[in-house]
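Enquirer: Chains as they are written, first to last, in full-length UniProt numbering: chain A, 1 to 387; chain B, 1 to 387.
Among the clues, some could well be false.
Unchecked claim - Below, computed lysine-lysine pairings styled on DSSO-like, alpha-carbon distance capped at 30 Å:
(1) K250(A) - K237(A)
(2) K127(A) - K298(B)
(3) K331(A) - K86(B)
(4) K250(A) - K86(A)
(5) K86(A) - K47(A)
(6) K298(A) - K378(A)
(7) K115(A) - K250(A)
(8) K127(A) - K127(B)
(9) K47(A) - K115(A)
(10) K47(B) - K127(A)
(11) K47(A) - K47(B)
(12) K86(A) - K298(B)
(13) K298(B) - K298(A)
(14) K86(A) - K86(B)
(15) K127(B) - K86(B)
(16) K331(B) - K111(A)
(17) K331(A) - K378(B)
(18) K331(A) - K294(A)
(19) K47(A) - K237(B)
Unchecked claim - Computed beta-carbon distance windows for the label pairs:
(20) E56(B) - E182(A): 33 to 39 Å
(21) D124(A) - R307(B): 25 to 31 Å
(22) P383(A) - P217(B): 44 to 50 Å
(23) L109(A) - A385(B): 30 to 36 Å
(24) R307(B) - K111(A): 38 to 44 Å
(25) V277(A) - V277(B): 48 to 54 Å
(26) I381(A) - E129(B): 54 to 60 Å
(27) E56(A) - I128(B): 19 to 25 Å
(28) K127(A) - G379(B): 47 to 53 Å
(29) P217(B) - T312(A): 55 to 61 Å
(30) G333(B) - N319(A): 28 to 34 Å
Note that these hints are calculated values from the structure, not bench results. Owing to the predicted nature of the structure, the values given are computational and were not obtained by experimental measurement. Cβ coordinates follow ideal geometry from the N, Cα and C atoms, glycine included.
Protein chains: 2
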Amino acid sequence: MTNNDNAPFSFRLIATDGMARRGEIRTPHGTVRTPAFMPVGTQATVKAMYPDQVRELGSDVVLGNTYHLMLRPTAERVARLGGLHKFMNWPHTILTDSGGFQVMSLAQLRKLSEKGVTFQSHVDGQKIEMTPERSIEIQQLLGSDIQMQLDECIALPAPREEAERAMRLSLRWAERSRVQFEAMGGPGRGQALYGIVQGGTDPELRLESAGMLSQMPFEGYSVGGLAVGEPQEVMLKTLEITTPAMPADKPRYLMGVGTPEDILESVARGIDQFDCVLPTRAGRHGLAYTRYGKVNLKNARHADDPRPLDETSPCEASNRYSRAYLHHLVKAGEGLAAMLLTWNNLAYYQQLMQGIRDAIEAQTFEEFRARTRADWAKGDIPPFASR
Amino acid sequence: MTNNDNAPFSFRLIATDGMARRGEIRTPHGTVRTPAFMPVGTQATVKAMYPDQVRELGSDVVLGNTYHLMLRPTAERVARLGGLHKFMNWPHTILTDSGGFQVMSLAQLRKLSEKGVTFQSHVDGQKIEMTPERSIEIQQLLGSDIQMQLDECIALPAPREEAERAMRLSLRWAERSRVQFEAMGGPGRGQALYGIVQGGTDPELRLESAGMLSQMPFEGYSVGGLAVGEPQEVMLKTLEITTPAMPADKPRYLMGVGTPEDILESVARGIDQFDCVLPTRAGRHGLAYTRYGKVNLKNARHADDPRPLDETSPCEASNRYSRAYLHHLVKAGEGLAAMLLTWNNLAYYQQLMQGIRDAIEAQTFEEFRARTRADWAKGDIPPFASR
Chain A
1 MTNNDNAPFS FRLIATDGMA RRGEIRTPHG TVRTPAFMPV GTQATVKAMY PDQVRELGSD
61 VVLGNTYHLM LRPTAERVAR LGGLHKFMNW PHTILTDSGG FQVMSLAQLR KLSEKGVTFQ
121 SHVDGQKIEM TPERSIEIQQ LLGSDIQMQL DECIALPAPR EEAERAMRLS LRWAERSRVQ
181 FEAMGGPGRG QALYGIVQGG TDPELRLESA GMLSQMPFEG YSVGGLAVGE PQEVMLKTLE
241 ITTPAMPADK PRYLMGVGTP EDILESVARG IDQFDCVLPT RAGRHGLAYT RYGKVNLKNA
301 RHADDPRPLD ETSPCEASNR YSRAYLHHLV KAGEGLAAML LTWNNLAYYQ QLMQGIRDAI
361 EAQTFEEFRA RTRADWAKGD IPPFASR
Chain B
1 MTNNDNAPFS FRLIATDGMA RRGEIRTPHG TVRTPAFMPV GTQATVKAMY PDQVRELGSD
61 VVLGNTYHLM LRPTAERVAR LGGLHKFMNW PHTILTDSGG FQVMSLAQLR KLSEKGVTFQ
121 SHVDGQKIEM TPERSIEIQQ LLGSDIQMQL DECIALPAPR EEAERAMRLS LRWAERSRVQ
181 FEAMGGPGRG QALYGIVQGG TDPELRLESA GMLSQMPFEG YSVGGLAVGE PQEVMLKTLE
241 ITTPAMPADK PRYLMGVGTP EDILESVARG IDQFDCVLPT RAGRHGLAYT RYGKVNLKNA
301 RHADDPRPLD ETSPCEASNR YSRAYLHHLV KAGEGLAAML LTWNNLAYYQ QLMQGIRDAI
361 EAQTFEEFRA RTRADWAKGD IPPFASR
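Sequences and hints are given; from them, build the entire structure.
Expert: This is the structure we're talking about:
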């Protein structure tokens, strides 16, 4: 929790329980307790939240999206304004992705080559070239603490040849990213660059990718290309094969994942860091996460329910506003609905992470996992009228 | 500031300076320092604000819109859930309007008669009858501390006969509203009912309306039918004629007003209470109010400006986030833009009210008025690049 300004990036394991790991990442902007959930601040804001709230819920790190920020307000502008931490009033750790994933999913007229990818901005139609070198340059301008190599992320399922081609390209881009990161002085500023394991759902490809990356001097390692359409069991199976091949003394980050269950099960398979838009996006669509699963506030069953989402939660958004009020706000299209439900959802996610961390330290992770899954299976409280 | 639970409605003057009045309203849910600005919580929420924030800015009272609440979630539902204070987590004073103004401006297929007005709901098309009695019934179900009589508010300019007809109808409705309010036990619960002075911009009609209403036992008096399209000077002229004819020992509420200048000038003419959607609505459209006037954050001049809206403001939204960041949030359509700008705007409005109250108590209102107007005339700080 302490702010170790200017401490170089480091990672230490505090405890393990089975494959689950309890650790601590230090960056120039603070300490990140792992396993960690990183709220997504796509456009330099975690949607519908004040930065202080995000912090108070126990978030040690947020994610910024390189693709969005390079287009607007532009990385050069953020740099002129003193960097992303200052720009968005988040003096704690920031992780940025490479921009590659959004180039693939949001940009138009993409053209991929060995050199990189060219595309048209979805904001103003401008033609832009993204290379491994340029991605690092942008992340350096943003000044993030943890940076990602540019990789190619393909949709699943995919033919083996396609997965192999993208994996090998990503390895060559990893190399180029590292060269650029060091040339720009990232290590000297205590920043981290993570390599990204690819290979689709093919065990051989994943092992080869993890093995090759492990020989490169990355500060951490990501698992990319999962949670892109495949069933959960396929993702978990792939993790089981992949994480043991990743360096044990470096943090492992599963990109873009996921539901509370995805997170719990991935921790059980050795993952340390997560990011996902789910809790924030769901909050803007009337969906609440609680320890008893998902609650759809749009549902008329809540219209006369004076009970809060979860009276035992320490979060105000969860324990103080009635379901009837939340239902009304959602139906009326009020901004406060998104504000309260996003707050509730991030609170629940961070409570889950704290529970996970405590359990690993206490060597009771399996018990915690079973109890948590039992609570989810129990489901939401019965409708108010039927009590 | 103290919460005098269950104290009946009362009003006392603390000081006067010229026509300007410094007073204190007590209601069953607290004390309201006047002159008071009442943020508008149309659908049981002051848009893009947590209720605690609204309170912390110095708001002693918020306004709820009877028309919106009767349609959704319905007054009956709010009553079942324990009343509007509990429903919206606002344990302080609440004022509700009669619903009449929104019936006239939002509802479809309106039909006006001596009995009341029938219309179609803009939410579900349902046909609804609104009478003076029904308006009070709804406000009683909501449980507001300060309630309004149903009146007919016409658009300006209007022919004298039209203004006179509406004024006389409003007087008869005032009588019926009072009967209903007393029959339902409003006074016994310490609640207040305000009569509404109408009469367009005709001095005779205004004086007649004020005179007739003064003979009825209302706890307070509103000035209705202004700020509906007429020039500011016409409004102020009408106030100059109207307020002296209103009881000096009762609060005077100018409905739906207004800009900071409207408020300052209306206080100078004897008004004690104001409500307006301007600070909240402007906040959702990229507009900020500061002591140097209005700032349009959409303007590209702010894109590289590291300075906050007003570094001398005690409000975090005003002193901590750069104009460049606010510009970015507005351009990117982020919810945090509305959250921060609404916060800034309500903070400025409440700072203005505090300044007004302090000045009246210190008998320096004229000085405060001149200084405040001079600051507005000065305008925003020069663009950053040109410094």
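Enquirer: Next step is simple, just say for each hint if it's right about the structure.
Expert: Hints and how they fare:
1. With a C-alpha separation of about 21 Å, the suggested pairing of K250(A) with K237(A) holds against the 30 Å cut-off.
2. Between the alpha carbons of K127(A) and K298(B) the distance comes to roughly 25 Å, so the proposed pair stays at or under 30 Å and holds.
3. About 19 Å separates the Cα atoms of K331(A) and K86(B), which keeps this hinted pair within 30 Å; it holds.
4. A distance of roughly 28 Å separates the Cα atoms of K250(A) and K86(A); the hinted pair therefore holds under the 30 Å criterion.
5. For a cut-off of 30 Å, the pair hint linking K86(A) to K47(A) stands: about 17 Å separates their Cα positions.
6. For the hint pairing K298(A) with K378(A), the CA-to-CA distance comes to about 21 Å; that is within 30 Å, so the pair holds.
7. For a cut-off of 30 Å, the pair hint linking K115(A) to K250(A) stands: about 29 Å separates their Cα positions.
8. Between K127(A) and K127(B) the CA atoms are separated by roughly 55 Å; this puts the pair beyond 30 Å, and the hint is violated.
9. Between K47(A) and K115(A) the CA atoms are separated by roughly 34 Å; this puts the pair beyond 30 Å, and the hint is violated.
10. With a C-alpha separation of about 39 Å, the suggested pairing of K47(B) with K127(A) is violated against the 30 Å cut-off.
11. Straight-line distance between C-alpha atoms of K47(A) and K47(B) comes to about 16 Å, which keeps the hinted pair within the 30 Å bound.
12. Taking the CA atoms of K86(A) and K298(B), the gap is about 21 Å. The hint holds against a cut of 30 Å.
13. Restraint check: the Cα-Cα separation between K298(B) and K298(A) comes to about 33 Å, which exceeds 30 Å; the hinted pair is violated.
14. With a CA separation close to 39 Å, the supplied pair K86(A) and K86(B) exceeds the 30 Å bound.
15. This hinted pair checks out: K127(B) and K86(B) have alpha carbons roughly 29 Å apart, not beyond 30 Å.
16. Taken as a hint, the K331(B) and K111(A) pair is honoured in the structure, with Cα atoms around 28 Å apart against an allowance of 30 Å.
17. For the proposed pair K331(A) and K378(B), the alpha carbon gap of about 43 Å is over 30 Å, so the pair is violated.
18. Distance restraint check for K331(A) and K294(A): the Cα-Cα separation of roughly 18 Å lies within the 30 Å cut-off, and the hinted pair is therefore satisfied.
19. Taking the CA atoms of K47(A) and K237(B), the gap is near 46 Å; set against the 30 Å cutoff, the hint is violated.
20. The hint said 33 to 39 Å for the Cβ distance between E56(B) and E182(A), and at roughly 48 Å that hint is violated.
21. D124(A) and R307(B) have their C-beta atoms about 26 Å apart, which keeps the hinted 25 to 31 Å range intact.
22. For P383(A) and P217(B), the hinted distance range of 44 to 50 Å is satisfied, since their beta carbons lie about 46 Å from each other.
23. At about 34 Å, the beta-carbon gap between L109(A) and A385(B) stays in the expected band of 30 to 36 Å.
24. Restraint check, R307(B) to K111(A): a C-beta distance of roughly 41 Å satisfies the suggested window 38 to 44 Å.
25. Separation of V277(A) from V277(B) is about 32 Å and departs from the stated range, judged on CB atoms against 48 to 54 Å.
26. The given range of 54 to 60 Å is broken by I381(A) and E129(B), whose C-beta atoms sit roughly 39 Å from each other.
27. Checking the proposed 19 to 25 Å range against E56(A) and I128(B) shows it is violated: the Cβ atoms sit about 44 Å from each other.
28. The beta-carbon spacing between K127(A) and G379(B), approximately 40 Å, falls outside the hinted interval of 47 to 53 Å.
29. The given range of 55 to 61 Å is broken by P217(B) and T312(A), whose C-beta atoms sit roughly 49 Å from each other.
30. Distance hint check for G333(B) and N319(A): the Cβ-Cβ separation is about 31 Å, which falls inside the suggested range of 28 to 34 Å.
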